[in-house]
Each structure stands twice: as C-alpha cells, then as structure tokens.
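S.K.: Residue numbers (the numbering used here), protein chains in the order written: chain S, 1 to 147; chain R, 1001 to 1139.
It should be emphasised that the hints constitute simulated quantities derived from the structure, not laboratory data.
Any given hint could be a false lead.
[Unchecked claim] Below, a sample of chain R positions facing chain S; criterion: calculated Cβ distance under 7 angstroms:
| hint | residue |
| --- | --- |
| 1 | Y1030 |
| 2 | M1060 |
| 3 | M1063 |
| 4 | G1068 |
| 5 | T1071 |
| 6 | W1079 |
[Stated by the list, open to error] Mimicking SDA-like on lysine to any residue, the simulated pairs with C-alpha atoms at most 20 angstroms apart in a straight line are:
| hint | chain 1 | residue 1 | chain 2 | residue 2 |
| --- | --- | --- | --- | --- |
| 7 | R | K1131 | S | H84 |
| 8 | S | K22 | R | G1032 |
| 9 | S | K22 | R | G1035 |
| 10 | R | K1131 | R | V1104 |
| 11 | S | K22 | R | V1028 |
| 12 | S | K111 | S | E122 |
| 13 | S | K111 | S | P3 |
| 14 | R | K1131 | S | R88 |
| 15 | S | K22 | S | A128 |
| 16 | R | K1131 | S | V83 |
| 17 | R | K1131 | S | V141 |
| 18 | S | K22 | R | R1029 |
| 19 | R | K1131 | S | M118 |
| 20 | R | K1131 | R | P1053 |
| 21 | R | K1131 | S | G85 |
| 22 | S | K22 | R | Q1102 |
| 23 | R | K1131 | R | R1089 |
| 24 | S | K111 | R | R1086 |
| 25 | R | K1131 | S | T135 |
| 26 | S | K111 | R | T1088 |
| 27 | R | K1131 | S | V137 |
| 28 | R | K1131 | R | Q1102 |
| 29 | S | K22 | R | D1025 |
| 30 | S | K111 | S | G85 |
| 31 | S | K111 | S | L66 |
| 32 | R | K1131 | S | T90 |
| 33 | R | K1131 | S | T139 |
| 34 | R | K1131 | S | T120 |
| 35 | S | K22 | R | A1031 |
| 36 | S | K22 | R | D1072 |
| 37 | S | K22 | R | D1036 |
| 38 | S | K111 | S | G76 |
| 39 | R | K1131 | R | F1037 |
| 40 | R | K1131 | S | E122 |
We put the beta carbon where it would ideally sit given N, CA and C, even for glycine.
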Amino acid sequence: MNPDLPERTFPPVAPYLVGREKVREFARATRASAAVHHDVEAARSAGFADVVAPPTFPIVVAEATLQQLLAEPDAGIDFSRVVHGDQRFTYSRPVVAGDELTATLRVTSVKTLGGNAMVTSETDMVDADGQHVATSVSTLVVRGDDA
Amino acid sequence: MSIAETLGIEVGQVVADQTLTLTRDSLVRYAGASGDFNPIHYRDDVAAQVGLPGVLAHGMLTMGVAIGTVTDWLDARGWVSDYQVRFTRPVVVDPTDGAEVQVVATVGALDDDEARIDLTVSYGGQTVLGKAQARIRRL
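Construct the complete structure from the given sequences, taking the supplied hints into account.
M.R.: Shown next as structure tokens:
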C-alpha cells in the first residue's frame, strides 16, 4: 500500500446518466417494491421528476471511481485481496432517472492494522447543474499476505 | 407536525420485520443490475481458490435488500438521507437452498425532522451488518 494515497483526488469520471429501466432493474434486484421506484406516475405525484433510485443505487455510479483507485499502479492495491469493510451514503436528495451524475473520488485515509490495510475514500456525486446529490464513503480492506 | 406524527412512529417501534431468501439467481441478478461481476459472487471454484467458505452474497446486495424493507414501509411519505453499514460477516449462499437473511428495522431515535432507523440484519442467527443505520426525512 502506498501511504501517500490520502493526498490524492482523482479526476472526475465521465458523467453517468441514470436510466429509468436501470432504476427499475436495480430496484427489482434489491427487492425494493415501493411504487416510486417503478411507476413514473407514482413518482411524479410524490413530487419527483421520474422514478426514484433505491438508496444504494449510487454505488453503481461510484463503481467507476473505485475502479480508478484499484487500477492506480502506484496505489499498491491487489484486487483479489480486497474486501468491503464499510459503506455509507449521505444524500442531499434522492437520485432520480434522468439525473446526469459526475463522480469524483478522494482518498481520505489509509491505515494499517494487523497486516491489513484499510483504505477509505469519498466519492462526491453532483448533478448536471453542479449541485451535490450524494456522497459515497467506502472503506476497503486489503488483506495482507498472511491474512 | 413532527416526523413522528407524520409517520405515526415512536422510538422502539419495529417498522419492518422480514425474512428474505437470497439465491444464486438473486446474486446473478444483482451482479447484472449493479455491474459488480466479481466471480466470488457466482463461481464456487473461484470462491474456494481464494479461501472462502462458498459463494458469497455481494455485501452491497445485503445492504440493499435491508433498506428495501424500510423504503417499502416508508413508501412515498419520505426519503432516506443517510445510510451506513459495516460488513461484519459474509453471507454464504448455498447453490440449492440459498441463504435466509432476517431484517428487523426499528425506530432508534427521533427529532423533529429526522428519524433514525436501526437495522438488525442476520443470517444463521448471527448479525452480518454492524452499525446499520438509516436516517429518513419527510418529503
């Protein structure tokens, strides 16, 4: 693990356009059956522009930034040894179909604990107007050789 | 009106209590929906090779189905403004029987605008998510 990683903010990844069918597919996969995830009319009567993505949907958008981190040659992260330690999302508003989200990842801490490394990163997602929508905070545990 | 009055809830109230069966099909479906194609979530040989007890559910799938019980209850009356979990134990998904995951969602705290929902998520009698908490607000 490269201990200087926390200095790093990665360049924003290409904008992710949230599709209506993707929202429905993700909702089915996570057994989220509330009408606002599936039915445009239900979402509109609740005041949303289109179907509402389930709360963990931003991980799909953040995924590209995590790949950026894992692919960084000098990060020293071996993907086969990575497990997800914890995950948090904070939201300024729900994600809805039609949102075009731009994600930027920043490494906030690297700790070593008993041969394992713990890498915490924050991915901010902003909409087409540059307004904050959601932040994903992930801690990845990189298991040591003997773990 | 406070959020407690709007939603008709009080601290300690259970708002969802469900047992969900995750099968290999569920994992394949989630892999496609999320784009997470790590083979430890669908290939027994790869799982064994890296020393796992079997094919595991995506942690994000467990996190996702857990909050689904809350959003199903909440419906269009509110939205989730914060959601966090710690992945403490893996969920091993048997190729035939799948894995039964229990989700219990309880009102943990209330203030005027926000409710904290505490989630207990367990599999085989042991919790698999630690510090699983969501905050909800009214629309």
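S.K.: Of the numbered hints stated earlier in the document, which are not met by this structure?
M.R.: 20, 22, 39
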